[in-house]
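Once you have looked at the hints, place chain B on chain A.
There are 2 protein chains.
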Amino acid sequence: MTISALSGITVLDLGQAFMGPYCGLLMQRLGADVIKIEPPQGEPYRRPTAIKGVEAVQFGLLNAGKRSLCIDLKTDEGRTVFTDLAATADVIIQNFAPGAFDRLVGVDDLLAANPRLIVASGSGYGSTGPRRDARAMDLTIQALAGVMATTGFPDSAPVRTGPAVVDFMGGAHLFGAVMAALVQRGTTGRGQHVEVALFDAIFPSLASNIGGLFDSDGEIPERTGNRHGGLGVAPYNVYKTADGWIAVLCLHDRHWAELCRIMERHDLVDDKRLSTNASRVKHMELLDRIVEEWTLERNSAELEVALNEGAIPSAPVQSLEVLLKDPQLKARGMFEQHRNADREWWTFGSPLRLADSPPPAENVPARLGQHTVEILRQKLMLPPERISELTATGAVIGDLPVGTVGVRV
Amino acid sequence: MTISALSGITVLDLGQAFMGPYCGLLMQRLGADVIKIEPPQGEPYRRPTAIKGVEAVQFGLLNAGKRSLCIDLKTDEGRTVFTDLAATADVIIQNFAPGAFDRLVGVDDLLAANPRLIVASGSGYGSTGPRRDARAMDLTIQALAGVMATTGFPDSAPVRTGPAVVDFMGGAHLFGAVMAALVQRGTTGRGQHVEVALFDAIFPSLASNIGGLFDSDGEIPERTGNRHGGLGVAPYNVYKTADGWIAVLCLHDRHWAELCRIMERHDLVDDKRLSTNASRVKHMELLDRIVEEWTLERNSAELEVALNEGAIPSAPVQSLEVLLKDPQLKARGMFEQHRNADREWWTFGSPLRLADSPPPAENVPARLGQHTVEILRQKLMLPPERISELTATGAVIGDLPVGTVGVRV
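Residue numbers (the numbering used here), protein chains in the order written: chain A, 1 to 409; chain B, 1 to 409.
This is chain A alone, in the form it adopts within the complex (with noise of 0.2 Å):
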């Protein structure tokens, strides 16, 4: 039988909004034992949204089928349950405000007592460097690291992007330095702190536009539009169709070909100012102005029939309506849907598709504090009645049924 990729391995997911809960999301979708600490107001997403004030979509989003465990970390009995716990896991997700957990818990100390843990540190600037105290989030590193800079349209703001791909960035980095330093640990037997910062997670992405900067010694705009990010690639631009927009690029001297037969331009194939992607980009807005002719004739769904003929990359621009019902992200499972007798919730699935970890068969959001007097007893083995004292001194707080916590934040 095939067990999954992490099966066996524990973690303790301390992780906030975004970056930490990502990290341990995909920790779980591969087998591991994920723990979700809570405090005793739950997690920011099991608290009552801005409009409709029910708990938001991204619990499940990112935490259908972690465990909940609900410590009062202010307490010094919490603290001591956690420090008790951690020298019992394999990894620790954590992405507190800068210093907040080297002020709950020293990381040296948990290593100390345990030198088999991996504390993974997920921050917007790192350990290191003039920033290293400063708060961050996703839109104030998006401000700061030249995605704002660079997105949007030359004679426009800078503009954020919608997704927040920061954090997510972050997310997945995070992820990737816990499984290196298990594959470490593998050879060495010990574990580590690894960490990852948000700026730095986020700056790599950045490499066409440091080469357009580059390669026109700062002469192009800073933001292109919908254009190449270093105007290095024509046609490459969002068009405007008989009912919405289509992006398309030529990456090739083929792709040009195939796309003036397709546009019935047979002229233009020979035409030597446009033969080599080096001279389609001195004409890039003729470029733009041919192929727009051509698709605002015509529907996205038929010019994408026609351009994934002649095997051009090629898409229209999807709402994201009707992108969460695509057929494509229904095929990958992305985005489900669940329910049992208490609640019906949403989940994503995960990206990392590995042929012989078969996921879990059901990722189940769990209600705050659902598994924590189960947990004292497995992985502490705490005899009813300390967990009982625990709970009623409230350094621990056991199973809350959905809608009973939480504050409007």
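These aren't lab readings, by the way, just hints derived from the structure by calculation. Built from N, CA and C at the ideal position, the CB exists for glycine as well. There are no misleading hints in this set.
Pairs of lysine-lysine, BS3-like flavour, derived with a Cα cap of 25 Å: (1) Lys240/A x Lys282/A; (2) Lys52/A x Lys272/B; (3) Lys272/B x Lys282/B; (4) Lys282/A x Lys52/B; (5) Lys272/A x Lys282/A; (6) Lys52/B x Lys325/B; (7) Lys282/B x Lys52/A; (8) Lys272/A x Lys52/B; (9) Lys325/A x Lys52/A; (10) Lys282/B x Lys240/B; (11) Lys325/A x Lys240/A; (12) Lys74/B x Lys379/B.
Okay, the calculated beta carbon distance ranges per label pair: (13) Pro115/A x Ala100/B: 44 to 52 Å; (14) Glu389/A x Asp108/B: 53 to 61 Å; (15) Gly333/A x Asp399/B: 41 to 49 Å.
The following block gives chain B in isolation, referenced to the frame of chain A:
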């Protein structure tokens, strides 16, 4: 002595552009021997850039530190060299167009010949679903996967992100998948095929946008400019300053109270309309006006100091040129210039910081085929005569000086 996390791991990196090469880069920075396998014309970033006609800066950014092996995989002998090497390797990375790698060499055959091998496939849509055969690039996935629809101002067209976030999100996930497979191999002794689709990898970053769509029953605009993706947090925006823009957000009530104090708007602290995030969200327009009135009168640097002192998440919008000289970027070693007798180049640092995995001392970009002879000797123990034969037929290509390879694409 500490050795690196991936010491002793050999990677055959067939990556193209960003997704595959970034995965290889992350492995190289953790100590793997990454062999970049290139076609006779070199990888695309060796070819002259559109404007200056020099080797693109992207080549060094993503490939410095990898060895270069030049094979013509269109020849039978070239393919045999590749499969012989695959029998000695730990990991293969490939992100060719759909089906191309399987037409070249069968994944099942590779795994049968080397059961410890991990084959990592990156693609646009993955190997399943109705779009599995469609060509895809960063731009087209941004169009289809809701990134463009959610990026930009409500009253203007959808826009792609400036950085190639889809490609790099894919590369970071592909790295994570390879690491997880190495962890699993540590238990089972067996490798496997792993895959990551760009379409899957970018999707979870829409969590807030999906939250907003659900919470508002589709009433909020799809694109929210620089406001929160789900219009679920206020204040949360980018505000004009006397000399630029600054991103500011209040995630907690204490941030808001602190912001009121810094703005010297003590009258607002006890304003019931603004006491909780849910109520502030209802008065988003008002709040944005109040904050921007304050920021417009001050320089970004001055605002940043004040907001940092109050521990409020904020950061100025930095241009790409300013970013490349940013002290934090420098302190983190994320963008470094090097030179030797032959040339100068820039390369990325790795966002993955493992306390016990020292990065390579030096990362020099290889000339095309620089290590061809050395690798065939080391890994396949081929005698000089055989290497000469393979070179003579063009199945492999040895060292070529910088600038003598490549044609304009």
